[in-house]
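Asker: Start from chain E and add chain W according to the hints.
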Amino acid sequence: MLFIMFLNFMIDLGVSGLSLGAMLKNLPYSYFLYIAPGANLITATVAAFQTGRDVWRERIIQDTQVYLLTLPVPKNTFAASRLFSGTMRALVTTLPGTIVIALLYGLSFPYFLVGLLVMLVYSGAVAGLSVAAAAMANSLELFATVRSTVQVYLSFFSTQFYPSGSMPSYVAALSTFNPMTWALMIFRELPGSLNAALQTGPLNLAQFAYLGALSVALMLVGFLLYRRTMEY
Amino acid sequence: MSEKPSSLSVIWVLIERDLRTLVKSPFILINRTIFFLIQLFVFAALVSKLATALGFNYFDFYSVGAIVSTITSIAFIIGEDLFEEEELGLLDYLLSLPFGHSLFVIGRALGGAVRGLIYVTPMMILVAYLDGYLSPVGVAGSLAIIFVLATGISGLSITLAMLIRNANRFDILIALAELATVRVSAAIYPLTFMPRALQPVATYSPVTSASDLVRAIILPGYSAGAYETVVLLLFVGIFFGLGSAFLFRKIEGGRFE
Chain E
1 MLFIMFLNFM IDLGVSGLSL GAMLKNLPYS YFLYIAPGAN LITATVAAFQ TGRDVWRERI
61 IQDTQVYLLT LPVPKNTFAA SRLFSGTMRA LVTTLPGTIV IALLYGLSFP YFLVGLLVML
121 VYSGAVAGLS VAAAAMANSL ELFATVRSTV QVYLSFFSTQ FYPSGSMPSY VAALSTFNPM
181 TWALMIFREL PGSLNAALQT GPLNLAQFAY LGALSVALML VGFLLYRRTM EY
Chain W
233 MSEKPSSLSV IWVLIERDLR TLVKSPFILI NRTIFFLIQL FVFAALVSKL ATALGFNYFD
293 FYSVGAIVST ITSIAFIIGE DLFEEEELGL LDYLLSLPFG HSLFVIGRAL GGAVRGLIYV
353 TPMMILVAYL DGYLSPVGVA GSLAIIFVLA TGISGLSITL AMLIRNANRF DILIALAELA
413 TVRVSAAIYP LTFMPRALQP VATYSPVTSA SDLVRAIILP GYSAGAYETV VLLLFVGIFF
473 GLGSAFLFRK IEGGRFE
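One line per chain: the protein sequences are E and W, in this order. The letter at position 96 of the first sequence is residue 96 when you use my numbering, and the numbering goes up by one with no holes. The letter at position 98 of the second sequence is residue 330 when you use my numbering, and the numbering goes up by one with no holes.
None of these hints come from the bench; they were simulated from the model. Idealized CB from N, CA, C, for every residue including glycine. Any given hint could be a false lead.
[Claimed, not checked] Okay, the calculated beta carbon distance ranges per label pair:
hint : chain 1 : residue 1 : chain 2 : residue 2 : range
1    : E       : Lys75     : W       : Leu286    : 51 to 59 Å
2    : E       : Ser164    : W       : Asp324    : 48 to 56 Å
3    : W       : Gln431    : E       : Pro74     : 53 to 61 Å
4    : E       : Leu95     : W       : Thr284    : 35 to 43 Å
5    : W       : His333    : E       : Leu224    : 40 to 48 Å
6    : E       : Phe78     : W       : Leu423    : 48 to 56 Å
7    : W       : Leu286    : E       : Leu117    : 34 to 42 Å
8    : E       : Thr64     : W       : Leu326    : 51 to 59 Å
Bound-form chain E, shown alone (with noise of 0.2 Å):
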């Protein structure tokens, strides 16, 4: 799975990137690395999605959920750790793209782990949001449905391929609030490369803060209603 997701992030980026890169050289700034660090988001979100999908087949697919119930593990601790270890899965299969972002930005190694933090919190709230979706959805195609609208509203209302100045203003409002949209802004405001042709200005902190009471609720959420599944 971690190769398989290397492989569409690199599609993303080495193809979807480059060839949108090549068309739009009139641009003051490297179009290809504005859209580089959402090639890898999009991934964290892919991955963190399939915490959800796990959640959801366990439920209603395979009804191993009631199995897993009877284990040793008290009941909060359970549904936690599934949240804990979606992130944590996300987390690991976009190192490898993380890491490339950071090589193309030329990124320290403190920013570096500076990029990382955001992807775990990124890929926190994916991950509650997915689960939160698996644990209200009794069919694969609701399942489908609200992963597909997360997934669009994630990457085409966010300053992913646009800045947010260029956006009609119905976008750009979607876009404020849209974790996609923060994360990226964190990202091309690193000390790198991008930051200098963009002229972003420091590191806002501000960013930050709000992705993590994001990420926060939305793992809260998605344990809340998977737990609320546990209870017969």
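Answerer: Relative to chain E, chain W alone:
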């Protein structure tokens, strides 16, 4: 004693079954339509605004590619359906029905393609209208081209579903196959802007061929012909005719995980 059903009636029953799932899955229908509209009116519109020095209308270019990539995405779903049927115990029942397994594969692949075609027909009409193309014959021809593509993609998806028995691995691999099929093609960006090493690969992509053929019909200044048609038909021949029918035998006695 009742007569054995004809091959055509079996295929029709299988297609009809897949069409009924279309009606029973309104969320997916609505979701994919909204996704397509967002691709067009958000992504394509905004990137076109940024791409002012290209020398061609990127929105028009992308609009055709969005149709092709949408039907590719929908056609891949048939493999997921097979997985779900197996997990629900339905696949064993379907295989016990009194018709050959090759017919089953053909029927399912065509069903996936017809389902995709019904999904994208309104989108195709919208794109033709937005691109200023109003010929019903041309639109019908474009739909025929993307139907052929969808048949091949359905066959590819079924082939992958038979090769990979683990649902998680299949889920990720099918997403990868879909990404590679669409991204390593001229669906969403012209070949000339792709990395040089990938241009020869993308040239042989059936998605490139389908996109080029439809653009040649709908958009002025684009051309395509026999080469693209041959590539498309070869792709369908391999995955729909040979790959699916041959590999399908392997699932006898094997279990999905």
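Asker: Each of the hints needs a verdict: does it hold here or not?
Answerer: Status of the hints after comparison with the structure:
Look at Lys75/E against Leu286/W: about 57 Å separates their beta carbons, and that is inside 51 to 59 Å. Range check, Ser164/E to Asp324/W: about 53 Å between beta-carbon atoms, so the 48 to 56 Å window is met. For the hinted restraint 53 to 61 Å between Gln431/W and Pro74/E, the CB-CB distance of approximately 57 Å keeps it satisfied. Distance hint for Leu95/E and Thr284/W: a CB-CB separation of about 37 Å, consistent with the stated range 35 to 43 Å.
In this structure the supplied range 40 to 48 Å holds for His333/W paired with Leu224/E, their Cβ-Cβ distance being about 47 Å. For Phe78/E paired with Leu423/W, a C-beta distance near 51 Å keeps the hint of 48 to 56 Å intact. At roughly 38 Å, the beta carbons of Leu286/W and Leu117/E sit within the given window of 34 to 42 Å. Remark: the range hint 51 to 59 Å for Thr64/E to Leu326/W is contradicted by a beta-carbon distance near 25 Å.
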